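So the sequence lines, in the order shown, correspond to chains Z and F. Heads up, the first sequence is in my numbering, so the first residue is 1 and it goes up one at a time. Heads up, the second sequence is in my numbering, so the first residue is 291 and it goes up one at a time.
Treat the hints as calculated values from the structure; they're not laboratory data. Take these hints with a grain of salt, some might be off.
Unchecked claim - Sample of chain Z residues with no beta-carbon within 10 Å of chain F, all distances over it, derived:
1) Pro125
2) Trp196
3) Glu201
4) Thr219
To be verified - Label pairs and their computed distance ranges (CB to CB):
5) Ile202(Z) <-> Gln387(F): 47 to 55 Å
6) Glu318(F) <-> Asn204(Z): 46 to 54 Å
7) Arg17(Z) <-> Arg388(F): 30 to 38 Å
8) Arg388(F) <-> Ala268(Z): 36 to 44 Å
Quick caveat: nothing in here was measured; it's all calculated off a predicted structure. C-beta: ideal position from N, C-alpha, C; glycine also.
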Amino acid sequence: MADQAVVTRAPLPAVTRESPAARVAWAVRSWWLAAAMWTRAIMSYRASFVMMLCANVVVTFLDFVVVILMFRHTDTLGGWTLPELGFLYGTSALALGLANLFVGSVDALGERIRTGTLDIMLVRPAPALAQLCAERFSLRRLGRPAQAAAVLLWSLTALDVHWTWDRVLLLPVLVVCGTLIFAAVFIGFASLQFWWGEAKEIQNSFTYGGATVLQYPPTVFAKELVAGTVFGIPLAFVNWLPALRILDRPDPLGLPTAFQYASPLAAALALAVAGLAWRAGLRAYRGAGG
Amino acid sequence: MALIELDDVRRTFTVRAKAGRLRREKREVRAVDGLTFTVEAGECVGYIGPNGAGKSTTIKMLTGILVPTAGRLRVAGVDPARERVALARRIGVVFGQRTTLWWDLPLRDSYELARRLYRIPDHRYRANLDRCVELLDLGALLDTPVRQLSLGQRMRGDLAAALLHDPRVLYLDEPTIGLDVVSKAKVRDFLREVNRDLGTTVLLTTHDLTDIEQLCDRVMVIDHGRVVHDGGLEALHAAGDSERTLVVDLAGSHPPIEVPGARVVRVEGPRQWLAFPSQESAAPVVAAVAARYPLVDLSVREPAIEDVIARMYAEVAIG
Ligand SMILES: Nc1ncnc2c1ncn2[C@@H]1O[C@H](COP(=O)(O)OP(=O)(O)OP(=O)(O)O)[C@@H](O)[C@H]1O
Ligand SMILES: [Mg+2]
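Isolated chain F, as found in the complex (with noise of 0.2 Å):
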């Protein structure tokens, strides 16, 4: 049995909205509009998808803050809104957005908390304690009131708080929203060791399209409430590969340049971008733009996750 059953759930909510000078209009927001799928023990997953897409309406369902307008939940093996209490000691839940830690309190206060609310027998606690405390760097932090910490420390906190009652699924909302480069390393250090040696089911979702490649093993891709792209992360590299861009700059205006291997897409006075196919490498484009053309300056673009998300539906909706 799946450990994580959606089918057809869906949510509406109501939003009222000024329609002329008094008037008030009723309308109805599909923030998730029929979603079915499973996720397998062990999985971890990204869930992707632009502002407003329905990615944390999704996750409030399956942790039983919200109830779904329609459609049947399941999350290990029970229906999140009507048994919360029974299901919050099954999974653990990390908002990037906020805390779960006490803010005036030590940080062992806490963990400590949570070993009475999620009734962790003595060995569980102490030896998750332990083991979050190595992984996560945070023996020098455990008796420093929460308000004192920096974001990424406090992250990694929460990280720890969400783990220690051993739950099957792992739900991260935005984990490393706001972290700088080496805390979000941590963090993925540490969900990946989570992941892969405690067997802990990940459902995770981010607009940092490098957590999903170093994390993920399969990646679901959701606008309005529904899921465009479910699968492997081939597609994601097929759609996000398929073309970086090569921004130069000339000396004076020129028209588009033409070379083997790469065409331009955009021209603004002396400075064009050319797209050309990201496997390939860029060496030789730039070799033949600097043989045939004044060239001043150069660099090259990465596609962002949008642009990735933004092509993956368009096949969608081709193919």
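So here's chain Z without its partners, still in its complex pose (with noise of 0.2 Å):
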């Protein structure tokens, strides 16, 4: 009996100290997976899909309608014209429309904890984290960055930009490093759920929130506002520093060029800062009751 138990087992798999990209990749595997699942789970009610889609179209699109209404009765604002504000709204809404898709559902932190989820997916051999961010996933939300990436779109045709080479550069690296902060502000904030239930409203308040504020020209805001998305939060490096050098306006705040290309420093720190308070976060964890 005991002969035969060896033998219908597979081997021991090794404990072997992953490498951190391959760590990375098996948990954008682990998200993948579960954002899989996910969809085919809200598939499983078609009809109430099909809605939210259509209710999510409508007010997106609503959404920017206000900022061109806004300009009937004005030609600038804060000294910066409808293209150059399209511009804004664009990659700001782009930027956390794809943070949203990717990362947005681990704002519901504290009710996975509450419902004790989060055991569950601890006990998988998937970072938690990414299982949390892929929870509920729905190609719903693909809305809002294909309808900020249609403003930002006509913008550039809008625009009169000189591209030089350097701000055809900017432009992907903005994109991409303006989803990792919002990524970055979506994981940091959250965290602090794990100690603190209610501070999900901070969260939003810093993305959601934030995104609508980086949609105007820094130029319409009191300067310690500014500097804070520059040297608190750095919220500034999503859109409003690359956007300075791309639509050659001078800063507000007059800093050095070097913060106009500074925007993968910012991602790479604030990432590396809410990766730290998600580890604290689960070493602090308490578990579901009791």
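Taking the hints as your guide, dock the two standalone chains into a single complex.
This is the structure in structure tokens:
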């Protein structure tokens, strides 16, 4: 009997410290697997899926209409024209939309803790953060980034940008780094929910609230607020600072030009801090119930 | 080397309780308070104790969900909290109160996901799924969305999900909670098979003494986060079997009954409770009572798990 038991078993998987690259690849794959499950789960309620998608498209479309309406009474806002505002709107909404698509669900951490779902995630051989970010993933979240991309494309055709090689390069860098910065803000503030259940509201004001602020030129805000987005929560690196370079505008704070190229650095720093907050949160986790 | 090793493991929770109107007081709850034990490969251990004893907290530390406050912990050669993902491939976990299955999707889809997440080789996956489907009678349920399953069916589905990747250890936190007698029997038969035929180490918590009696060869009783008993089932029997209770209803009030082989422990009007050694038959006691008193009705009570445990503590405290 004992011999047979040995034969019917797979060999014990080796515990080897995986390289950081392998860990990230596995996290991405876990996210992908979980997101695919959620997509199918949500599709099982097809009718409500279609309705939500329609509602989403209408709401996001109206969002930019508000900006256009503002320009019926004025030609510039804070010295910026409508196409320039379209550029800020498009980049900010695109970065937020993509971040929300990939990691936005992390904001439900407090609820996952209360219902015990996090415990279930923690006993699976996949990073809990990846599973949490994919929770309730739905393709209808593509609506926002799609609308933002459309506005951005329109603004690029309407703008008269002097395209130098660094400006051409800055554009994709801006979208990627903006997404990463928003992702870091989502994760960093969500981690607070390990200690403090109501932290979700703070997070919302920095993600959705922050994205709304970034849709307007930095010149319309107080200098202190703009400085806060450079040296505090680094939202200025999402689009304001690189936009100054691309649109050839003066910096209201008069910072060195290097800041306008520093988005990758800011994104890396923000992600590192968010990662540390998440790990500290997991160590402080007290379990569901009790 | 033992499969599970704990060395003076502790876990405290700081809770803030209201003290007076505005003041809030910090208090330390020692959920696990110095556990030291080992479990060898192939054992089936019953882990029991009253509510709040620290059973779930122990399991959460053994699975890497919770980080211990102090002490050393090893499962299958791994520090659970530190290498949680690596450990997850070597263990199976079933929580009776929650499910790992995907609510809106057919049972089969949850298993397919497990195949990918645990990187189960195809032939192992097929062999394990076939065995679970047969033993747990899941064939007709595989294509049913989980939300349509009954509690018992879902529990069987969860058991299968926990075993597809050939885990070395299976932790079960109250796997029979809320199940009817038939479902409980199915779950127990399956667990026995898994432990005996596959050699999977099993650690299970329960409030149902029958689970322990039918499955385990070792029982650990904990209370206030400490082990108060660790050994074979004989001790459980010795403590549990030591006394059964005969409840008799007489026609009218009487002074405490006096019969050989039993003693009265409680009197309430016409009803009296008599304790007698449970290795003895109830028949002579009943006969003796019936011969001398106007007996109207009677029943025999088996000891409940809480009574058994309570008696064990008493012995630990004295001995
Ligand atoms: N997250 C938590 N915060 C505060 N206290 C907790 C927490 N989790 C558990 N406890 C406390 O730790 C102690 C042990 O709890 P645990 O859940 O391990 O008990 P248990 O033996 O599983 O009980 P039961 O039989 O009721 O399931 C209890 O006093 C409980 O109140
Ligand atoms: Mg418990």
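Against the structure, the hints come out as follows:
no., hint, in the structure
1, Pro125, "violated, 4 Å"
2, Trp196, "holds, 12 Å"
3, Glu201, "holds, 21 Å"
4, Thr219, "holds, 46 Å"
5, Ile202(Z) <-> Gln387(F): 47 to 55 Å, "violated, 31 Å"
6, Glu318(F) <-> Asn204(Z): 46 to 54 Å, "violated, 34 Å"
7, Arg17(Z) <-> Arg388(F): 30 to 38 Å, "holds, 31 Å"
8, Arg388(F) <-> Ala268(Z): 36 to 44 Å, "holds, 37 Å"
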